[in-house]
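Q: Given next are the chains, with one letter for each unit.
Protein chains: 2
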Amino acid sequence: MNGAVEPARSATPQEHLDAVSRWLAKRRAVEALLPRSSESGPHGVHPTLQGEALAEVRARLDALHPADVAFILEGLPLEDRLVVWGLVRSDRDGEILLEVSDAVRDTLLADMDSAEMVAAAQSLDADEIADLAPDLPQEVVQDIIEAQDDEERAQLQSALSYPEGSVGALMDFETVSIREDVTCEVALRYLRRFEALPPQTDAAFVTDRQGHLKGALPLNRLLVSDLEVPVASLIEREVISFSPDAQASEAATAFERYDLVCAPVVSSDGRLIARLTVDSVLTYVRERQEAQALGSVGLREEEDLFSSVWTSAKNRGPWLALNLCTAFVASRVVGAFEGSIEKLAALAALMPIVAGIGGNSGNQTVALLVRALALEKVSAATARRLLAKEAGIGLLNGLLWGSVLGAVAWLLYDNAALGGVMALAMVLNLLVAALAGLLIPLSLDRFGRDPAVGSSVFLTFVTDSMGFFIFLGLATALLV
Amino acid sequence: MNGAVEPARSATPQEHLDAVSRWLAKRRAVEALLPRSSESGPHGVHPTLQGEALAEVRARLDALHPADVAFILEGLPLEDRLVVWGLVRSDRDGEILLEVSDAVRDTLLADMDSAEMVAAAQSLDADEIADLAPDLPQEVVQDIIEAQDDEERAQLQSALSYPEGSVGALMDFETVSIREDVTCEVALRYLRRFEALPPQTDAAFVTDRQGHLKGALPLNRLLVSDLEVPVASLIEREVISFSPDAQASEAATAFERYDLVCAPVVSSDGRLIARLTVDSVLTYVRERQEAQALGSVGLREEEDLFSSVWTSAKNRGPWLALNLCTAFVASRVVGAFEGSIEKLAALAALMPIVAGIGGNSGNQTVALLVRALALEKVSAATARRLLAKEAGIGLLNGLLWGSVLGAVAWLLYDNAALGGVMALAMVLNLLVAALAGLLIPLSLDRFGRDPAVGSSVFLTFVTDSMGFFIFLGLATALLV
Numbered sequence: 001m002n003g004a005v006e007p008a009r010s011a012t013p014q015e016h017l018d019a020v021s022r023w024l025a026k027r028r029a030v031e032a033l034l035p036r037s038s039e040s041g042p043h044g045v046h047p048t049l050q051g052e053a054l055a056e057v058r059a060r061l062d063a064l065h066p067a068d069v070a071f072i073l074e075g076l077p078l079e080d081r082l083v084v085w086g087l088v089r090s091d092r093d094g095e096i097l098l099e100v101s102d103a104v105r106d107t108l109l110a111d112m113d114s115a116e117m118v119a120a121a122q123s124l125d126a127d128e129i130a131d132l133a134p135d136l137p138q139e140v141v142q143d144i145i146e147a148q149d150d151e152e153r154a155q156l157q158s159a160l161s162y163p164e165g166s167v168g169a170l171m172d173f174e175t176v177s178i179r180e181d182v183t184c185e186v187a188l189r190y191l192r193r194f195e196a197l198p199p200q201t202d203a204a205f206v207t208d209r210q211g212h213l214k215g216a217l218p219l220n221r222l223l224v225s226d227l228e229v230p231v232a233s234l235i236e237r238e239v240i241s242f243s244p245d246a247q248a249s250e251a252a253t254a255f256e257r258y259d260l261v262c263a264p265v266v267s268s269d270g271r272l273i274a275r276l277t278v279d280s281v282l283t284y285v286r287e288r289q290e291a292q293a294l295g296s297v298g299l300r301e302e303e304d305l306f307s308s309v310w311t312s313a314k315n316r317g318p319w320l321a322l323n324l325c326t327a328f329v330a331s332r333v334v335g336a337f338e339g340s341i342e343k344l345a346a347l348a349a350l351m352p353i354v355a356g357i358g359g360n361s362g363n364q365t366v367a368l369l370v371r372a373l374a375l376e377k378v379s380a381a382t383a384r385r386l387l388a389k390e391a392g393i394g395l396l397n398g399l400l401w402g403s404v405l406g407a408v409a410w411l412l413y414d415n416a417a418l419g420g421v422m423a424l425a426m427v428l429n430l431l432v433a434a435l436a437g438l439l440i441p442l443s444l445d446r447f448g449r450d451p452a453v454g455s456s457v458f459l460t461f462v463t464d465s466m467g468f469f470i471f472l473g474l475a476t477a478l479l480v
Numbered sequence: 001m002n003g004a005v006e007p008a009r010s011a012t013p014q015e016h017l018d019a020v021s022r023w024l025a026k027r028r029a030v031e032a033l034l035p036r037s038s039e040s041g042p043h044g045v046h047p048t049l050q051g052e053a054l055a056e057v058r059a060r061l062d063a064l065h066p067a068d069v070a071f072i073l074e075g076l077p078l079e080d081r082l083v084v085w086g087l088v089r090s091d092r093d094g095e096i097l098l099e100v101s102d103a104v105r106d107t108l109l110a111d112m113d114s115a116e117m118v119a120a121a122q123s124l125d126a127d128e129i130a131d132l133a134p135d136l137p138q139e140v141v142q143d144i145i146e147a148q149d150d151e152e153r154a155q156l157q158s159a160l161s162y163p164e165g166s167v168g169a170l171m172d173f174e175t176v177s178i179r180e181d182v183t184c185e186v187a188l189r190y191l192r193r194f195e196a197l198p199p200q201t202d203a204a205f206v207t208d209r210q211g212h213l214k215g216a217l218p219l220n221r222l223l224v225s226d227l228e229v230p231v232a233s234l235i236e237r238e239v240i241s242f243s244p245d246a247q248a249s250e251a252a253t254a255f256e257r258y259d260l261v262c263a264p265v266v267s268s269d270g271r272l273i274a275r276l277t278v279d280s281v282l283t284y285v286r287e288r289q290e291a292q293a294l295g296s297v298g299l300r301e302e303e304d305l306f307s308s309v310w311t312s313a314k315n316r317g318p319w320l321a322l323n324l325c326t327a328f329v330a331s332r333v334v335g336a337f338e339g340s341i342e343k344l345a346a347l348a349a350l351m352p353i354v355a356g357i358g359g360n361s362g363n364q365t366v367a368l369l370v371r372a373l374a375l376e377k378v379s380a381a382t383a384r385r386l387l388a389k390e391a392g393i394g395l396l397n398g399l400l401w402g403s404v405l406g407a408v409a410w411l412l413y414d415n416a417a418l419g420g421v422m423a424l425a426m427v428l429n430l431l432v433a434a435l436a437g438l439l440i441p442l443s444l445d446r447f448g449r450d451p452a453v454g455s456s457v458f459l460t461f462v463t464d465s466m467g468f469f470i471f472l473g474l475a476t477a478l479l480v
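Just so you know, the sequences run in chain order A and B. The end of the first sequence is residue 480 by the numbering used here, with every number in the run present. The end of the second sequence is residue 480 by the numbering used here, with every number in the run present.
No lab work stands behind these hints: they were computed from the structure. Where hints are given, some of them may not hold.
Copies of the same chain look alike in the list, so a pair counts if it works inside one copy or between any two.
Stated by the list, open to error - In silico DSBU-like pairs for lysine-lysine, Cα to Cα no more than 30 Å straight-line: (1) 377 x 314; (2) 343 x 377; (3) 314 x 26; (4) 26 x 377; (5) 26 x 343; (6) 314 x 214; (7) 343 x 314; (8) 214 x 343; (9) 214 x 26.
With the hints as constraints, model all of the structure from the sequences given.
A: See the structure below:
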């Protein structure tokens, strides 16, 4: 980030949003009183409104951290959002576009022409432009690449070449590197040529003449050592580094495990090419968490809170369609036993319990396994052991709660055999749930899909269909 | 963290786990061949096994970062885990206990006596001891407090006094502070009195004589400025600081938003008392994410992968019991319409579709609202707007998918009225789902509960019961 503006300590982002909203409401009220005129000033603001209040809002926006401006833009309905976006200084467009959510970014970009987009990119580093690029029109990206100098262009093309979810997509190029055959005094003199070291720099990387990574010089050691000490004596040789092709999730685990602030990214031949910083990792962890939470209910991305009903319905429709299909199959399972249900309608009342409890139990297994998979704790031996354990838990819980529910069904319908069928069906469906709760996440993981996202819909499909089949099947065989 | 040992670059934690597992398997094989003897050496290892291989495993463990040792311990069944725990150098016990999961920590502590626990705490800082304290016996905590010197004891008591989820529970006391009326040369000379600055230190905090926070001196500016420059000219005055009573989740948002590495924690009268670092925040974010993922299926905490069936069943039982209760209520709703179902068994086959699709749609609303609540984006005005929008989406999707399913039901059962009831019930239950999907998370949030954890079970209860009631009620009124 380039933002030199400090976030104000005095007000929270929410308070800034409230203040801007009040101004917008006043503006709307005044405009409603005035006749529509074609003399409106820049950004569609009526000229009579461009007095002190407008200047105040501009000053407020100028003083805010880009993340806080992004918060305000995300918190406003589309029309208001574009008014505020028009008030933002254009040299800050780039850093603010980086901070807003994807859905809101789309609405802001739709309000900009190509020249404005290219200008916004001028204030950004190569890795930041690469973050924006997927949302920009292809020809704008081309214009931006052509507007760069040679070094920047090479970095930009490198950054653009790594897929989302890789270390390459998160890295930046603000590395500080020194040679090891100097004293601390020389190293410090070299560092003083920078106006300020890049943020999140806790170490200078040590390289040889060919750029191969040799170690890291932690700044908190450099800072406290005597000037005549050779740098070589302070260097850490065992440095955790990443390949740009590595999974970002693995890097995030390493950052958390080893409390890293900044780590070198090296090419396959050991050359220092970039760095990965903890702020990118923290953002990645949060965004991944959100993507999983939304993905587990079939949403591709966060919705703009103020998007239209139509846009939102399109975002949510495919998931509902998929679930309708699985529900339809489960419904046909029940349909096959309609004859039994006509004779004993109690079956219809009891069958959702058997299906539902299987889903609950299976989803517990899924949640534990997803976490173990994320931490790479599941070897083949562990999986076998887990299968025995989960089956055991299913059996135990099935016997316990199956007996309770079986007894309740017996009392309720004065039918001991029905109670017995209920209990047996619960045991069997909990065993199915244990098996499905293990195999579904393991299979998704094996096929390179995120088990946190897709497991639940498959699991519920299995436990519903099998729950109905086991209960109604047993009832048909034993009771009707 | 105190660990001076660097993680090895050459092998992944999984590879270390595999190597240790191989040694354990060999050890078991040899022991099985030998007669049981009472002459076993320390830690129950048979004397004939204490040769080269044992020394190798010890050396491997000694060289590993505590987080990697924790990974190995978590990846081993209880018996093996305790053998390896016995091989860990006792002065590293504390830092490793900090890294393992709660469930695994319990198994390790169960293997230690009070004196060992007190000794393990000796190597830890006050904030780290406070993290362990909830898992230690009360009298051990008392012994540890008494073993501290005065300053440490005050810090420990301060750290122990803040509840989980507060900034106070995450902060540490390794602050570096300087006065502002000195030159950079003096500041550097002062810093050189430290052997090394604490990790994650990207700024020295500037305080007055009474300890009031006046600003921060970023080390990356100090490092590159001339020695005779006064510190005052480099200070950032607008520093983001936290109260120890603040919510950790708010601090995490600020760290992500403003890319912080280290921030001061100040008392209500503005005195610097501690600091919050990005490594604690990253750990907090990950642990919270896990707690929410597990909590949403009713698990209080991560299970030890190798815990007994009995322990696990106890962990999962209460959730199943709660879900059985809600499923039982939904079952009674169906039971009230058994007369209709006897006459038209198709109702039993179709009713799970109506209920299920309501649950799917409502959970989408919940997921979006939970995220908006976490970012404090939901004002009263926004909530009203969202209600209209979600109801609109429910209506649109209900009309669309209700028509499709209604048509299918019509064709399947050759009953146009049944198709109409199906379509109408879908529309109505999606409207119920929209309302419940908004009100349930908002209510949980209002009452100080985490909406990410409890919303789904309530929502499914509402959409199941109401889905059955609406569909069967309409069918009874219009068809039967």
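Q: Taking 30 Å as the upper bound on the Cα-Cα distance, should residue 343 and residue 377 be classified as within, between, both, or neither?
A: neither (50 Å within a copy, 53 Å between copies)
Q: When no copy is named, should residue 214 and residue 343 be tagged within, between, both, or neither for a Cα gap of at most 30 Å?
A: neither (80 Å within a copy, 81 Å between copies)
Q: When no copy is specified for residue 314 and residue 214, does a C-alpha distance of 30 Å or less occur within a copy, between copies, both, or neither?
A: For residue 314 and residue 214, neither the intra-copy (52 Å) nor the inter-copy (52 Å) Cα distance is at most 30 Å.
Q: Indicate which option fits the pair residue 26, residue 343 if close means a Cα-Cα distance not exceeding 30 Å: within, between, both or neither.
A: Neither: 68 Å inside a copy, 62 Å across copies.
Q: Using 30 Å as the alpha-carbon threshold, which applies to residue 314 and residue 26: within, between, both, or neither?
A: neither (34 Å within a copy, 58 Å between copies)
Q: I want to check one pair: residue 26 and residue 377. Are their C-alpha atoms no more than 30 Å apart within a copy, between two copies, both, or neither?
A: For residue 26 and residue 377, the Cα distance is within 30 Å only across copies (21 Å; inside one copy 58 Å).
Q: Treating 30 Å as the Cα threshold, decide for residue 214 and residue 26: within, between, both or neither.
A: neither (61 Å within a copy, 38 Å between copies)
Q: Should residue 377 paired with residue 314 be assigned to within, between, both, or neither, using CA atoms and 30 Å as the limit?
A: Between copies only: 23 Å across chains, 38 Å inside a chain, cut-off 30 Å.
Q: For residue 343 and residue 314, with the copy left unspecified, which applies at a CA distance of at most 30 Å: within, between, both, or neither?
A: Classified as neither; 43 Å inside a copy, 38 Å across copies.
Comparing the model with each earlier hint shows violations of hints 2, 3, 5, 6, 7, 8, 9; every other hint is respected.
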